[in-house]
Amino acid sequence: MKTAPTTHVIQLGYGKVGGPLVHLAVENRARIEHETGVHLQYAAVVRSSSVALGDDLALRAADRGASFDEWTQRAPGMTLDVLDPIFDRFGLPDATRYVLVDVTATAETGPLLLEALGMGIPVVTANKIPLAETPGWFEQARAASQHASTPFRYECTVGGSLPVISTLVDLMTTGDTIHRIVALPSSSLSCILGGFNRGFPLDAAIADAMRRGFAEPNPLTDLAGRDALRKIVILAKTMGLPTSIGDVDQEPLLDQDYPNFEAFQGDGMTRLAAHLTAARQPGMVTYYVGSTSADGTVTLGLRSFPQASVWGTLEPSENIFLFSTSRFGDLPVVVRGIGGGPILTASGVLADIIKAAQRQI
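Following UniProt numbering, the numbering of the sequence shown begins with 1 at its first residue and continues without gaps.
Read the hints as simulated data drawn from the structure, not as lab findings.
All values reported here derive from a predicted model rather than from experimental measurement.
It is possible that some hints are incorrect.
Claimed, not checked - With a straight-line cut-off of 27 Å between C-alpha atoms, the simulated DSS-like cross-links for lysine-lysine are:
1) LYS355 to LYS128
2) LYS355 to LYS16
3) LYS237 to LYS355
4) LYS16 to LYS128
5) LYS237 to LYS128
Stated by the list, open to error - Here are the computed distance ranges between Cβ atoms for each label pair:
6) ASP203 to GLN358: 45 to 55 Å
7) PRO242 to THR221: 22 to 32 Å
8) THR177 to GLU315: 37 to 47 Å
9) ASN218 to THR270: 25 to 35 Å
10) ARG29 to ASP255: 48 to 58 Å
11) GLN281 to ALA30: 46 to 56 Å
12) THR313 to ILE343: 46 to 56 Å
13) GLU251 to THR313: 18 to 28 Å
14) ASP94 to GLN358: 48 to 58 Å
Every residue, glycine too, gets a C-beta built ideally from N, C-alpha and C.
Just need the whole structure built from these sequences, with the hints factored in.
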C-alpha cells in the first residue's frame, strides 16, 4: 500500500477552538489518511510569544499538560520569524508540505498569513478579524492565493462547521447569479434571541448561551453585534462586493457602550429586554439578521418573521443562510444548522485543512 505523504500543520492559537482541533486531528488521523490519502502531522502550535514544536508537544499543549518552559521561546509577535524554527526542524516549504492554520482572534496574524500564501503554503483560517476589518486584506489574500495556486480556505469564519462559503462559491463559479443573501450568522445571538422568542427572560437566555459555549466570556461582544457584522462583511466580500465594516447599515442592539458586562446588568439589561419586547409582534419571531444584495446594499439589524415560516422552526443557537439566485428563482438555497461552538468549529477547520492538503497531493 502506498504511503500517504505527510502534511505538517502549523497552528496559530490553541485556545477554545485550537485545543479541540488538535485532538480531532490526532484522534482521527488514521481515518483521515484512509479516507482522503492525507497524513496530518503537527509541526507546531504557536502562541504570540512561543512555539510548541512537534506532534507530541502540540497534543500536550492542547491538554495544558506542557509546561511553558517546554515551549521554544521566540520574540513576541506572530511574524514570519516565528516559522524559522519550524522550517529548521521540518524543512523549507519547497521540500515539505505545510498548512498554516489560524484559530486566533487577532489582526496580528494577518501579515503572516499573506506571507505564507506568497510562499506557497496553504492557509486555513477561522479568524474573522483580518478578513473583515483589515482594509484590503481579503483582496490581497485571494490575489496571493490565485497567483501562487495555493489554497486559501476560510469556511469557518462565517458558518463555523456549516458549508456556507463553499455553497456560495460553488453557486458563483458554476455561473449562477447571487441576488441576495439573508442570514442569521451569529450562534450566540441565535441562542439568546431564540430563547427570548420562547419566553425566557433575557438574562436567563444570555446565561444559557454562556453555559452552552456559544457566547464570549464577555457577552457584550455578542450583544454589540460585532461577530455578526464581521460575518456579513465576509459574505459580501465573497460575493465580490467592495464592502467594509463602515459600509454596513447596522441597527445596534445596545443603546450605549458599556465598560463591562457587570455595568450592563441592571438598567442595560432592562432596556434591551424592553427594546426586544417592543420589536416582537404576535405570531412572529425576532432575530438579529444580516443581508447583502448584489446592488451593494448590506444591512444588519432586528427583523421579525412569521412563526409559520422557516424562521419559526429554528432552534436556539441555530444559524440559517438563504441564497436568492437566478437559477433557483423564488425558492432560495438554504443552509441551516448549528455551526458554532468549539467542537463544531474545530471540526469545520479540520475539514478545511484536509481539503487544503488534498490540493497538495
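Outcome of the hint check:
Under the criterion of a C-alpha separation no larger than 27 Å, the hint pairing LYS355 with LYS128 is consistent with the structure, at around 20 Å. As the CA atoms of LYS355 and LYS16 are separated by approximately 23 Å, the hinted pair is consistent with the 27 Å bound. Between the alpha carbons of LYS237 and LYS355 the distance comes to roughly 22 Å, so the proposed pair stays at or under 27 Å and holds. In summary, the hint linking LYS16 to LYS128 is supported, as the alpha carbons are separated by about 15 Å, within the 27 Å threshold.
Among the hinted pairs, LYS237 with LYS128 is consistent with the structure: their alpha-carbon atoms are about 12 Å apart, no more than 27 Å. A hinted range of 45 to 55 Å for the beta carbons of ASP203 and GLN358 is consistent with their spacing of about 46 Å. Between PRO242 and THR221 the Cβ separation comes to about 26 Å, which falls inside the hinted range of 22 to 32 Å. Range check, THR177 to GLU315: Cβ separation about 32 Å, and the 37 to 47 Å hint is violated.
The supplied range of 25 to 35 Å is broken by ASN218 and THR270, whose beta-carbon atoms lie about 19 Å from each other. Judged by the Cβ atoms, the range 48 to 58 Å given for ARG29 and ASP255 holds: they are separated by roughly 50 Å. Between GLN281 and ALA30 the Cβ separation comes to about 53 Å, which falls inside the hinted range of 46 to 56 Å. Checking the proposed 46 to 56 Å range against THR313 and ILE343 shows it is violated: the Cβ atoms sit about 24 Å from each other.
About 24 Å separates the C-beta atoms of GLU251 and THR313, a value consistent with the hinted range of 18 to 28 Å. The hinted window of 48 to 58 Å between ASP94 and GLN358 is violated, with their beta carbons roughly 19 Å apart.
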